[in-house]
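Each protein sequence line maps, in turn, to chains V, Y and S. Counting the first sequence from 1 gives a position; my numbering is that position plus 137. Counting the second sequence from 1 gives a position; my numbering is that position plus 137. Counting the third sequence from 1 gives a position; my numbering is that position plus 137.
FYI, nobody ran anything at the bench for these hints, they're computed from the structure. The reader is advised that the hints may include incorrect statements.
Identical copies go unnamed one by one, so any copy, or any two together, can satisfy a pair.
Said to hold, decoys possible - The list that follows gives simulated cross-link-like pairs (lysine to aspartate or glutamate, EDC-like), each with its CA atoms no further than 20 Å apart:
1) Lys172 / Glu451
2) Lys172 / Asp459
3) Lys172 / Asp462
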Amino acid sequence: MNLGKSTFPLNAWYAAAYDVEIGRELLPRTICNQKIVMYRRLDGQAVALHDACWHRLLPLSQGRLQGDEVVCGYHGLVYNPDGQCIRMPSLQSLNPAACVRSFPVVEKHRFIWLWMGDPALANAALVPDMHWNDDPQWAGDGKLITVKCDYRLVIDNLMDLTHETFVHGSSIGNEAVVEAPFQVTHDDKHVTVTRWMDSIEAPPFWAAQIQHARKYSGAVDRWQIIRFEAPATVTIDVGVAPAGSGAIPSDGQAGDRSHGVNGFVLNTITPETDGTCHYFWAFARNYCLGEQALTHQLREGVARIFREDEAVLEAQQQALLDHPDLGFHNLNIDAGAVRSRRLIDKMIDAEQTPHSVIPIREVA
Amino acid sequence: MNLGKSTFPLNAWYAAAYDVEIGRELLPRTICNQKIVMYRRLDGQAVALHDACWHRLLPLSQGRLQGDEVVCGYHGLVYNPDGQCIRMPSLQSLNPAACVRSFPVVEKHRFIWLWMGDPALANAALVPDMHWNDDPQWAGDGKLITVKCDYRLVIDNLMDLTHETFVHGSSIGNEAVVEAPFQVTHDDKHVTVTRWMDSIEAPPFWAAQIQHARKYSGAVDRWQIIRFEAPATVTIDVGVAPAGSGAIPSDGQAGDRSHGVNGFVLNTITPETDGTCHYFWAFARNYCLGEQALTHQLREGVARIFREDEAVLEAQQQALLDHPDLGFHNLNIDAGAVRSRRLIDKMIDAEQTPHSVIPIREVA
Amino acid sequence: MNLGKSTFPLNAWYAAAYDVEIGRELLPRTICNQKIVMYRRLDGQAVALHDACWHRLLPLSQGRLQGDEVVCGYHGLVYNPDGQCIRMPSLQSLNPAACVRSFPVVEKHRFIWLWMGDPALANAALVPDMHWNDDPQWAGDGKLITVKCDYRLVIDNLMDLTHETFVHGSSIGNEAVVEAPFQVTHDDKHVTVTRWMDSIEAPPFWAAQIQHARKYSGAVDRWQIIRFEAPATVTIDVGVAPAGSGAIPSDGQAGDRSHGVNGFVLNTITPETDGTCHYFWAFARNYCLGEQALTHQLREGVARIFREDEAVLEAQQQALLDHPDLGFHNLNIDAGAVRSRRLIDKMIDAEQTPHSVIPIREVA
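So here's chain V without its partners, still in its complex pose:
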């Protein structure tokens, strides 16, 4: 599959599961081409081990949990949460080499994050900011979809929302998205695409939200502030406010969004293999916080929108396989995606440098 250069960096935190997916059962999942088994210890701490017994490679996920340990389902080797084998059948003395790799884990903002690269570099402070996902000022929910595409196609998709007009015309897209100008800024780790649509007709989704929350119907000012954090997280600050109510920033001053409705689309995409990915998304809002029915309705409504993307993304991945001779062409709308890919490439290159150094041969 992956001929030549890797498609993702390893020294990064990747979401491996929603918090509620991990419990006292063994959950197998492939992350960055690695087979992983996850579970919680009795004290609730999440554990991630390589999912292949040292002895005969049977996936440990086919065994069972025994307290904090995993018992292999073939010959009963027992591993502790560090991946060390602490019991072998018919043997008194243990081979200290008998172990499976254990991966650093952090649980934060409703996700279980794994560090797939050098454990010495695993700094919990580097986990992407997804705080809206468990902040009491925000309410929402999300899903995991596993999509048959390179995770970078999802980044491309999120960094250019003009596709809303063509892919999501019945919900969040209309001509205004294509017509509005946008700005792209970046630093070493982030790319931001900002688009304000001044006094436009709200698309169906947002018309319904502002009507429900603020009893307002009429022209709106709409914003999309897309923020990429390398290598695979995109948070999108979205919303509408009554046209002219002051939401649009000016003269370097933040606008007043208090008359509008604000949401955050939270996305983090984890390579499963080179050609497939786990796409975790959530939608959090700052209005009608206590309405459980609204949370339910928004989750299912947004899920329909993401299924529209899924169809496009999988067709695009198939097209890449069908046309190995063709590449992508970039338009100005791709500026955010192009910049994001550069940050990803920089991370990959940094990891691969040691391997590509060509030793200099001394000539006498």
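Take the given structure of chain V and dock chains Y and S to it, following the hints.
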């Protein structure tokens, strides 16, 4: 799949669809390993474009028709029937390089024919003669089956009808087909296999036809005149007449078939990929022209016969994959097929010559 | 699939079918990566031919039997049981080169055995001993399962029964199997693993057998005597007797098993391809011989146990494909399997020697 030499020439007209398959919806189909999207313009003219957007490769067939143009379903790029991109989102000026390949199309004898090679060579006069398919003196109908085999296995199948005895024993085959002698003739572009069976028992299919049309039951003279036109069209003049009624040509004079029944089995086979093909067939008759029920019955009856071939052809293709070390052996019955393959090879070789020319380097 | 060294020797008898599977219909089956068609002649003798017509490779199994001969389903070539083509359509004289390979066949102990290598070495005396399978002193039955794993994983599985504790805990496994010591012996062709469990609680399966047959419930002496015969047959002498009733051999004297119950698990595993195998098993017992319901119940009960193995074996095969960089590690429990694999490797190496001889170049 295709290691080394191509399995088909590109400079040829290939049937891509029955006329009725193409309309005001976008139809995706793979032809000669190329992804194609087809539709009709408002004036009815058929269009064939490469089915991958220039920008991000999404199949155009996942977009929508807008008048005579195709709108990409991802970011809204608009292509005209020549494949030129005439609108891009958020852009005033167009990149003139933005286009997809457009293929020459001819509609003739109920098929949409595409020219997959050099467009400068696409001469409509070269479309194979399948006029029985829309000639008022003939009545009939046909189907498309997509078969998991190299299209040349279908040519082999059609150029030797002794297989009827073993594959189609319940309908059109009997011992007489194997026993009768046959002649093979050819020119630069065609191969003809002629077999006359003199005063034989008609097989079930033909016994029913001549009984229905001529109220005749008894011994018949039967003919099969198979005509291959390179690279992928085979028309078969078939029929029976009462034995001794003068149908058999003699002394260079055409026979008198007026007491018999005559059909044409029309076949044109288009490579989908190197190992699969679109097999278009039709059966036209010159008797009982107005009987719609007979047309229906014959189409379904002949379809059953073709399904018997399909099972054999797919098993044979699988056998080729299973036995890369084994080849075919030829018998005298294969003379028509062998000759046909030679004409195909000649077309392929002619196309590949330019690429294999080794430049001669001048040595001073 | 098979890159480099073969995974199995060819000069060996492999079970290709249960006796009742072969009759007057053409049965296709892949054995050692070869397509085979099997049937019985009118006199009942089993025949095995290469399943690809010499002419155009159609599987002969898609043709039909005609007396002792096979008629190809495409063009009617007729082959005799030696694989010689004795009739060709439209031809008086035969090409003597027209033939398919015929494989030596022996029917013994309820299996049809094929010799896949050099026919000159096919000695019927080398068929593995599975006599319990049709000995009137024993009663039983078995099944064939086709498992998606290298046949050697099955050998590994059978040569170490500590897995019973973890895979078959509800039927034949308990802690005693892991705890009991075992001995491994071998000669040039066989490996024997002997385990006696002295005065233990019987696992559910055996508790039920000895209760049914001997009206005994209580502690038992249990034995497992596993005998591997290279390359792919494993017979296991298993049973329990009342604890202390004299079953355990001592001082070189065979024990007295007359108060107990004895079974033989008969296994022979035939490579289908490098990564799949036909696993023939049977369970024969020496008690309650006339009880047909017990035979039925045991066959289905043992089949459930084998399905537990099947799940483990297929997961292990997948793990080997998923982790081309990882290998197996051996524990002391693997001594029997390691020794068995060495015998297999020796057979493979012996066959490949001629091909790997490097000619010595004379230097003047």
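Structure-based check of all given hints:
1. Lys172 / Glu451: This pair counts as between: shortest inter-copy Cα distance 16 Å, intra-copy 23 Å.
2. Lys172 / Asp459: Classified as between: cross-chain Cα gap 8 Å, same-chain 28 Å, threshold 20 Å.
3. Lys172 / Asp462: between (31 Å within a copy, 13 Å between copies)
When the structure is compared with the earlier hints, no violation turns up for any of them.
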